[in-house]
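Peer 1: Construct the entire structure; sequences and hints are all you get.
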Amino acid sequence: MTLVSGRSAIPPTRVHEMDAVVVGAGGAGLYAALELKQELGLEARIGVISKLYPSRSHTGAAQGGVCAALGNTEEDHWEWHWFDTVKGGDYLVDQDAAEVMCHDAVETIINLEHLGLPFDRTPDGLINQRRFGGHTRNYGEGPVRRSCFAADRTGHAILQTLFQQCIRHDVTFFDEYQVLDLALPQGSGGPVTGVIALETATTELHAFRAKAVLFATGGYGKIFKVTSNAHTLTGDGMAIPYRRGLPLEDMEFFQFHPTGMYRLGFLLSEAMRGEGGFLVNDRGERFMERYAPTMKDLASRDVISRSIYLEIAEGRGIGGKDYVHLDVRHLGADVLNTKLPDMSGFIRTYFGLEPLTDLVPIQPTAHYAMGGVPTDIDGRVLADATGAIVPGFYAAGEVACVSVHGANRLGTNSLLDILVFGRRAGKKMAAELADLSQPVADAGAEVSVQTRISGLLAGTDGERPAVIRSELQEVMFLKCGVYRTEQLLAECRDEVAGLRERAQHLLVDDKGCRYNTDLGEALELGFLLDCAEATVESALARTETRGGHAREDFPERDDANWLKHTFATRDPASGAMSMAYKPVTITEFQPKPRTY
Amino acid sequence: MVPRGERHHLINLFGYRVSWAQLAWFGHRASGLGVLFYLFMHIVETSTVLFGPEVYNAAVGIFKNLPARLGEVVLMAALVYHALNGLRVMAMDFWPRLTEYYRPLTYGVIGATVVAMVPLALIMLRPFAPWG
Amino acid sequence: MTTTTRRPRTIYTNPSRAARPKPEASGRERFWWYFMRLSGLALVFLALGHMFIMHVLVELTGGEIDFAFVQSRWGTPFWRIYDFLLLVLAFVHGANGARIVIGDYVANRTARNFLIGSLLVVSGIWLILGMAVIVFFDPNTAPPVGPFS
Amino acid sequence: MDVQLRIRRYNPEADDEPHWEEYTVPAEPNDRVLDLLHHVKWYQDGTLTFRRSCAHGVCGSDAMLINGRNRLACEYLVKDAGPQITVEAIRGMAVLKDLLVDMEPFWESYRQVKPFLVNDEIPVDGKERRQSPADRDRFEDTSRCILCAACTTACPVFWADQSYVGPAAIVNAHRFIVDSRDTAKEERLQIMADPDGVWRCRTTFNCVEACPRDIKITRAILEVTAEIGKAGLR
Ligand SMILES: Cc1cc2nc3c(=O)[nH]c(=O)nc-3n(C[C@H](O)[C@H](O)[C@H](O)COP(=O)(O)OP(=O)(O)OC[C@H]3O[C@@H](n4cnc5c(N)ncnc54)[C@H](O)[C@@H]3O)c2cc1C
Ligand code: HEM
Ligand code: SF4
Ligand code: F3S
Ligand code: FES
Chain A
1127 MTLVSGRSAI PPTRVHEMDA VVVGAGGAGL YAALELKQEL GLEARIGVIS
1177 KLYPSRSHTG AAQGGVCAAL GNTEEDHWEW HWFDTVKGGD YLVDQDAAEV
1227 MCHDAVETII NLEHLGLPFD RTPDGLINQR RFGGHTRNYG EGPVRRSCFA
1277 ADRTGHAILQ TLFQQCIRHD VTFFDEYQVL DLALPQGSGG PVTGVIALET
1327 ATTELHAFRA KAVLFATGGY GKIFKVTSNA HTLTGDGMAI PYRRGLPLED
1377 MEFFQFHPTG MYRLGFLLSE AMRGEGGFLV NDRGERFMER YAPTMKDLAS
1427 RDVISRSIYL EIAEGRGIGG KDYVHLDVRH LGADVLNTKL PDMSGFIRTY
1477 FGLEPLTDLV PIQPTAHYAM GGVPTDIDGR VLADATGAIV PGFYAAGEVA
1527 CVSVHGANRL GTNSLLDILV FGRRAGKKMA AELADLSQPV ADAGAEVSVQ
1577 TRISGLLAGT DGERPAVIRS ELQEVMFLKC GVYRTEQLLA ECRDEVAGLR
1627 ERAQHLLVDD KGCRYNTDLG EALELGFLLD CAEATVESAL ARTETRGGHA
1677 REDFPERDDA NWLKHTFATR DPASGAMSMA YKPVTITEFQ PKPRTY
Chain B
238 MVPRGERHHL INLFGYRVSW AQLAWFGHRA SGLGVLFYLF MHIVETSTVL
288 FGPEVYNAAV GIFKNLPARL GEVVLMAALV YHALNGLRVM AMDFWPRLTE
338 YYRPLTYGVI GATVVAMVPL ALIMLRPFAP WG
Chain C
733 MTTTTRRPRT IYTNPSRAAR PKPEASGRER FWWYFMRLSG LALVFLALGH
783 MFIMHVLVEL TGGEIDFAFV QSRWGTPFWR IYDFLLLVLA FVHGANGARI
833 VIGDYVANRT ARNFLIGSLL VVSGIWLILG MAVIVFFDPN TAPPVGPFS
Chain D
21 MDVQLRIRRY NPEADDEPHW EEYTVPAEPN DRVLDLLHHV KWYQDGTLTF
71 RRSCAHGVCG SDAMLINGRN RLACEYLVKD AGPQITVEAI RGMAVLKDLL
121 VDMEPFWESY RQVKPFLVND EIPVDGKERR QSPADRDRFE DTSRCILCAA
171 CTTACPVFWA DQSYVGPAAI VNAHRFIVDS RDTAKEERLQ IMADPDGVWR
221 CRTTFNCVEA CPRDIKITRA ILEVTAEIGK AGLR
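First to last, the protein sequences are chains A, B, C and D. Count along the first sequence from 1, add 1126, and you get the number used in our numbering. Count along the second sequence from 1, add 237, and you get the number used in our numbering. Count along the third sequence from 1, add 732, and you get the number used in our numbering. Count along the fourth sequence from 1, add 20, and you get the number used in our numbering.
Heads up, a few of these hints could be off.
Only part of the chain A face toward chain D is listed, based on derived beta-carbon distances under 8 Å [claimed, not checked]:
1) 1182
2) 1290
3) 1294
4) 1512
5) 1515
6) 1638
7) 1644
Computed footprint of chain B on chain D; a stretch qualifies when at least three of its residues, placed anywhere within it, have a C-beta under 8 Å from a C-beta of chain B [unchecked claim]:
8) 78 to 92
9) 224 to 233
For lysine-lysine, the following DSSO-like pairs were computed, each having C-alpha atoms within a straight-line distance of at most 30 Å [unchecked claim]:
10) D:99 / A:1447
11) D:99 / D:147
12) A:1351 / D:205
13) A:1465 / D:147
Because the hints were derived from the structure by calculation, they are not lab data. These numbers were taken from a predicted model, which means no experiment stands behind them. C-beta: ideal position from N, C-alpha, C; glycine also.
Peer 2: Right, dumping it as structure tokens:
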């Protein structure tokens, strides 16, 4: 074993035997763990491994709401929701998966209420609902109230409720353990037999042996400079299987949310527009009336983000700069303080502006990964574009791509995604557990993780991870952001490759074993770079404009050639990238031009 | 300029800025303990009545000078403050909604103590004062 | 070279069943909580009244606190009962307050129990002494009487 | 503009005692203290250790004692903090490294209050349980807690004795005690009536002043106390 400069070496790996392991304690992971416990009984050894305390997960940041066609405040049907999801995703949605999601939505939301979620209520005590971008009545006729919410912190309420119920159901938590690799002893075909994790408190390695492993590690927004995502959303759960030769699906589709706070990136929820706020340019025009005459400021996110960019490009940004204004002044103190208290608070805290009297500077911000680890509708991870399954390996939440969001996710559909598919994955794992093989150790993975860590700790010269990370974020935002071209993407690919090269020599200041978060950040940088690589490759491959992927050189949607998903794979041995394609499942709704 | 939200804090004690409300609590605790200590002494003093007038009058006599009288003024202040603040605490205890006004209530208690103590101190110190 | 001390971090399993001490004697603290408030209310009149009479009225009327004053005051049952109530309530209120303060600052169980025990004993003795004075004082007999004679 | 940042550092592997260190960090008025800490960690001294995630006050990771008060580093702006900023770990918890403390006792208190809805009866129609907006409003305030521990570690009673269950745990008990759907109220009140429960609050209001969510903590504590009074526990 390698000795780390003057310190005791990393001690031998500790082993934990579990029935099933969930990686990630956001909405998806917690719901799966809860479901596993409920299905298998309290004696089942269900471990939730999370690099953050569960209540810190980014699900808690989600604001606007979660939609389900409950029809509590006006007529609504899950089929309408299904249509909106497919259309919102620019017809790249797998319609069978979206059908499952929209149908299960109703029952899932009710179940959450039973678990204790503090939804806002209608006067007769039902779950209250409000409007949200892209959600329409009767297949596109006009906005509908479909989003269920708990003030403007629905995600917080979901996260807390699920965490609380997991406590009640005796789930075993391993908090502040960072998963670094999969146990995949027989190569990328599987089965997956556990994970290898680093205990942040002690820098010890732990091998978790389990028959079933679920990844629910969230997104990777930190590859971009301006993002609504947390510092900890570094795509670990995508990069790990990718490194082991498993594919990543639809990585070119990254959603830019139209209303990020200028320069800071934090989100001002769509709920602000749902309640009646609107965007204005330098001339004071409500420019969305031009781009989306029906839905106006509630059109889908990609449409609005692009519209903002066009306004800015034509010099109508505020003061000619790269932002526009959100106007919520007319909503009144009551709405701002009771329905949107957190949003109003952000504006006051971080801008020092008063939403009642001031216009709020906003700019599109990198928000949500539509792509990710490909799975079927039960969370089982796909080994390739033909749909083969990796036994014992599941994924759910933002890390996964089922694909219910296609090329662009509708607001509130992500919380729904993590809930419905987190829950389904939990159920499926419980059902399949008996048939899965006994876990075996993957000594190769353990050694390679050990070597990686020892190497980082031993290095005495090299670049600081933060330097490389900020360059990466800069280049991705500029060249692989809202608008893309062949040339920009090619430059971006080369620069990312250069950064990957430089990242071979990192300087980690902290050589200690106690809470070495410096080491943790260096490891996360590696994951970010892998995600960036897959994103750029996929973006280069797709020569059309669809949803969140806008190519200036291919401005039209190209259904003839591109009604298919990209599967980006890197061969672990040679390092060669390859692209494969999987056709979109179309059952009910034939692709049509998308107008709002 | 005092930074936003800092106005309600007096001093930085052991690295934590002490708010008026925290000071009020500390004062309540100190005054309560002080009065309790006095009560101990007072019982000893008073118990001398059982030994007859000479002993008692001598015992009380010990406290008939300026320093002792000043001590009694402090005792009075402590009790007045403890009582007023106790009433504030009790009011909030039984009407939790009043907690929203804890700042004005705290200022009120401190102010009222000061105001009440001016005439009380003047009266109590009269025998030792030039105007007495 | 510094050595690493490893403190095993707790992994919480079965949290809803484990390590959840049964709440002990919950009614006790509730009683004292209410007692502090109700006695406090009574003390506003008793203690402040007492102070007002002894230090303000006496001063304003040009009187003097001496044996004769006590003699005349404890001559009426009203003042005896008044002072008895004041004594007991103030003492129990104050002593319980001191117990709370000890509880706040002395975390060590043994030390805390010892201090609170001592407080109890000392206050007990003092309280009995005080009560004895009020009960046994005989305004008609000038020479020493009572338990101490 | 440059900011003087004084940080109380402690590395258990190297130091016997915590000590203060000073850093000069470039800053804009609208920067958060968290940005300054990041600047130190990323470009000056990678060993500086603290927790953080969301960076905008919703995850509760980064409660610290900054300029004499508990606050979230990501919610405190340089323009409010001034050019001299002192940062140390929240008090009353064991410091494990620099600004990072042992949160286990905090979670233990949280778990102690049974922070989960108990009600296993599901409406026959399979729909949601009904709850009037007024009943829903009763726990609106306390359900906003992000478990940042700023309140508990600002409480003088907790500083002196960590066996006090602390305001954060009481807030989370309140969340369920006043929820019309919950069926374990008795049990929770029993827990809250423990000698280390609500009785130990001395209405100091430090918790209220520290809470980044402006939760009316003392009010919640006293509402729980009143409920215990009503329940007539033994
Ligand atoms: C500001 C904001 C607002 C949003 N608003 C909405 C909304 O209104 N409606 C909506 O539907 N969606 C919204 N979203 C999107 C939605 O919140 C997220 O997509 C969703 O919460 C993701 O949940 P998750 O369970 O997949 O992952 P997360 O909640 O992100 O959790 C990830 C978990 O994985 C753990 N983890 C990560 N890496 C590792 C590792 N290596 N080892 C161990 N553990 C690891 C983390 O500790 C964490 O517990 C919003 C997103 C943001 C950023
Ligand atoms: C005059 C009327 C009085 C009122 C209204 C009053 C009220 C109160 C109240 C409400 C408390 C509880 C405070 C809390 O829980 O935070 C308290 C505590 C206390 N009181 Fe009094 N009290 C009075 C007189 C006295 C007297 C005469 C004494 C001394 C013998 C005394 C000594 C104490 C002590 C030592 C405490 C504990 C302080 C603490 O816990 O910080 N009080 N009082
Ligand atoms: S009550 Fe406020 S300060 Fe306390 S943990 Fe919750 S959010 Fe933090
Ligand atoms: S600071 Fe502590 S004493 Fe009570 S009011 Fe808050 S819990
Ligand atoms: S980092 Fe999330 S609250 Fe500050």
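Peer 1: Does each hint fit the structure? Answer for all of them.
Peer 2: Verification of the supplied hints:
{"no.": "1", "hint": "1182", "result": "holds (4 Å)"}
{"no.": "2", "hint": "1290", "result": "holds (4 Å)"}
{"no.": "3", "hint": "1294", "result": "holds (4 Å)"}
{"no.": "4", "hint": "1512", "result": "violated (38 Å)"}
{"no.": "5", "hint": "1515", "result": "violated (33 Å)"}
{"no.": "6", "hint": "1638", "result": "holds (5 Å)"}
{"no.": "7", "hint": "1644", "result": "holds (4 Å)"}
{"no.": "8", "hint": "78 to 92", "result": "holds (count 4)"}
{"no.": "9", "hint": "224 to 233", "result": "holds (count 5)"}
{"no.": "10", "hint": "D:99 / A:1447", "result": "holds (24 Å)"}
{"no.": "11", "hint": "D:99 / D:147", "result": "violated (50 Å)"}
{"no.": "12", "hint": "A:1351 / D:205", "result": "violated (47 Å)"}
{"no.": "13", "hint": "A:1465 / D:147", "result": "holds (25 Å)"}
Violated hints, in rising order: 4, 5, 11, 12; the structure is consistent with all others.
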